[in-house]
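J.: Spelled out, the chains give:
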Amino acid sequence: MMPPDKGWPPDKGWMVEAHGIHKYFGHNHVLQGIDLKVSKGEVVVIVGPSGSGKSTFLRTINHLDAPDEGWVRIDGALLGYRSGNAGQVAVSDATLSEQRRQIGMVFQQFNLFSHMTALENVMSGPVRVLRTNRTQAGEAARGLLALVGLEDKAASYPDQLSGGQQQRVAIARALAMHPKVMLFDEPTSSLDPEMVHEVLQVMLDLSRQGMTMIIVTHEIQFANKAADRILFMDSGMIIEEGTPAELVNNPRNERTQKFLRLVTGGL
Amino acid sequence: MWDWEAFFHYLHSLYLIKGAGISLALSIGAMIIGLACGLLAALMRMSRHKLIRQPASFYVWLFRGTPVLVQLIIIYTGLPQLGITLGVIPSALIGLGVNEGAYLAEIIRAGISAVPRGQFEAARAIGMTRTTTLRVVVMPQALRIIIPPLGNAFNGLMKTSSLASVISMDELLRRTELLIQVQFKVLEIFIVAALYYLLLTTLWGLVQHRLEAHFSRSVTASDRSRDKAPPLQLNEVALSHDAT
Chain B
1 MMPPDKGWPP DKGWMVEAHG IHKYFGHNHV LQGIDLKVSK GEVVVIVGPS GSGKSTFLRT
61 INHLDAPDEG WVRIDGALLG YRSGNAGQVA VSDATLSEQR RQIGMVFQQF NLFSHMTALE
121 NVMSGPVRVL RTNRTQAGEA ARGLLALVGL EDKAASYPDQ LSGGQQQRVA IARALAMHPK
181 VMLFDEPTSS LDPEMVHEVL QVMLDLSRQG MTMIIVTHEI QFANKAADRI LFMDSGMIIE
241 EGTPAELVNN PRNERTQKFL RLVTGGL
Chain U
1 MWDWEAFFHY LHSLYLIKGA GISLALSIGA MIIGLACGLL AALMRMSRHK LIRQPASFYV
61 WLFRGTPVLV QLIIIYTGLP QLGITLGVIP SALIGLGVNE GAYLAEIIRA GISAVPRGQF
121 EAARAIGMTR TTTLRVVVMP QALRIIIPPL GNAFNGLMKT SSLASVISMD ELLRRTELLI
181 QVQFKVLEIF IVAALYYLLL TTLWGLVQHR LEAHFSRSVT ASDRSRDKAP PLQLNEVALS
241 HDAT
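Sequence lines, in order, name chains B and U.
So that you can map any letter, position 25 of the first sequence is 25 in our numbering, and since no number is skipped, the others follow by simple counting.
So that you can map any letter, position 232 of the second sequence is 232 in our numbering, and since no number is skipped, the others follow by simple counting.
Hints are supplied without guarantee of correctness; some may be wrong.
Stated by the list, open to error - Quick list of in silico lysine to any residue cross-link-like pairs, SDA-like style, CA-CA up to 25 Å:
1) B:180 - U:50
2) B:153 - U:50
3) U:50 - B:92
4) B:153 - U:136
Since the hints were made in silico from the structure, they are not lab data.
For reference, chain U alone in the conformation it holds in the complex (with noise of 0.2 Å):
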């Protein structure tokens, strides 16, 4: 039987939303892991020199070839085997983040490869070093390409931040079936999370759209010239037509 009255009572407690929050901060702290993780790995992979590139394609490798589960778990309880004890938080920080730092890398290198080759010779050509090139010339527009995948990937890791709960990290889900163990309301709990999830992506999906408008800023002044073309006027063709 669903319980109406349960279902309205869990959708405004107060540990289930404190858990959102938690899940939210999770998947932000992780996510600017993996950005610098996946910096890092897609500047390295463009490197001239093998041995700088084979150490991020490992990386990369490794990180994509197994489950993030998996990952979680071997650092949260294997790892102090070998003398690593890292408490649940940096446990589920550490592993979301490096995890998502691996896709994040291939996301960010194909941003910059998009990049024509002749802005970073004209950056150069007036004198600018590596560094200057790729913050003002490359980044900037490698980001109008990288901006949307990435906010895919930041929905993503909201969801997938859920594995975290297997490490015992206090975060929605876990606080959920916490809930659950002593409530037994179980459907109207699990519902109750789902939408604050459901919430987390909606309001992000909004985000998102604005930092695509933001980030797209020059390829808008391209439409803007080509609204400047008259529109083809469908009854002028007609007419033209009907003269023939």
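Chain B on its own, in the form it takes in the complex (with noise of 0.2 Å):
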């Protein structure tokens, strides 16, 4: 008899590992076997042409969409399967809920709770799924406000305030979780311009302070000045990773080389 664990080696103590993630939407091979390892406290930067799958691959990473092959582990724990005596079985919703606490998730349109105010979409996390007590998640709530400038809007609904307001509080609704990996699908890419800067420089102090990060963007100078790795995605696939003087300023491969300057403006 096979030992149930067959499919997943032991863990090395990798914050996220994931590994030979496949997804098909219909004939479509969106993500052709990606794998990741990311240590703790590592930030890694995810760039490629649209369409090429980076923000599907990040959101099999907590299984907003799951993957069709391979596996996610975080922190050394199996996401949404676990060893059943015919291989992998699926976990519940309750207990993939439970499993996705720990990564939070930023949206390119920010998707703030559109009737609660900036405060009550930070405390909806940790009173509605955490069960902390109002007062409690309440100060708590108020302190992550301040930690992104924003605590003069506590009592703003999403509507009254700019994108880059509603991206920062979107940044604390997910801390307010203690999540060990934060995940950033486009970031900034629905901001005006003037607004990049004041998002970018929260995900800059979270770096900092040694958050563990995943961030899909187009900000390549961000990329340069935050990211301990970057990777080059195209068709689905890895085809170039390095830290951001190999692969921004020293690309080897020629698709690379040909996003990269296409993004910088350069022709």
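Combine both chains into one complex, guided by the hints.
T.: Dropping the structure here:
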């Protein structure tokens, strides 16, 4: 009889470990076997042309889109599946939800709950998921709003905030769950240019405080400054990876070179 | 000949007033059953699994495609033939409620569908279960969209409830008819009954207005932010036009 854990090699202490991730949308093979290992406190930036599968890959990490093949481990714990007699068995919705708490996610469209104030948004996770009492959660939420520079916007509804402010509240909302990892899905792509900086600044602060982060972005300057490692993705695969110095200043792959010329405005 | 005296006499007839109360209670009961059936059917129709979606679609198709009067008669008069005997009140409640549910299912589904997908994903990403997401994030936003048509549905239901008189449910219309059989003041008594229905729907209109105001809270929040922009001054426009 096969040992139940046969498919999963021993945990080597990675904070995020994605192995052999495949994803299909109909006949479209959008992720074609992606491996990624991220250590604690590391900042990984994923760049690549649109349609290359970056966002989809990010969404498989917290199983917003469950991978069709492959698996994800967060801090050593397998996400979404457990070992059963017949191999992988999907866990219940409640268990998956519990596992997701440790993964914060920030979206391109902010996705603040539109019927809640900024403060209620930040409190929503602790109160509704962790069952923290409202007073305590409220205090913590005010602290987080202060951290992202929005303590005076606690009572504002999302539609009264600018894009940059909404995105900072969204970051605070994710942080309220004390995640081990933060995923950023093009966090500045919907922002007016003058608001990009305020969001990137918050992210830079976070990375300096040792948060493990995986970021999909087109902001090459930011990647250069904040990333420990940059991955270049195209056609559902990781084409090239390296430190910012290696990848941005000295890309080896032709597709990477072409992409970087395009995003940095060169011809 | 119109008999004013009879009209005013029946206008404060306790018998008819009680009948109106029964009609209201029947409508509320049927609405509660309808909401339960409607919510269940709406959620089922949004499922990924065909086996869950199809029974709900069948339910909506069946009950929206046949007259509620026929449904009431089948439940009360037809079902005993299969050994299922329901009293008048359960028959009326179930008949009106289950029928209403088929309509409410569509209203509720439209409301839930109108909530952007990102709201659902954000809730899932902070670790809310499907049920919590629905309760805390999706339904409160869907309610803003659902409440107005839901209010109209209840208005309709209060009038449709008169059909239950056909299966001898002791409500306003039935009492009206019984009264006419002994008093012969046909027009006067029917007009009184109509006025009572009008009173019920009018009062409900007031309640509905307050409910809508309550559930559109964050919509008014956006109105407030829009108010911050100074209104366009017509005379300014005129002046600048003169200057050129």
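J.: Run every hint past the structure and note whether it holds.
T.: Hints, verified against the model:
no.	hint	verdict
1	B:180 - U:50	violated (38 Å)
2	B:153 - U:50	violated (45 Å)
3	U:50 - B:92	holds (20 Å)
4	B:153 - U:136	holds (22 Å)
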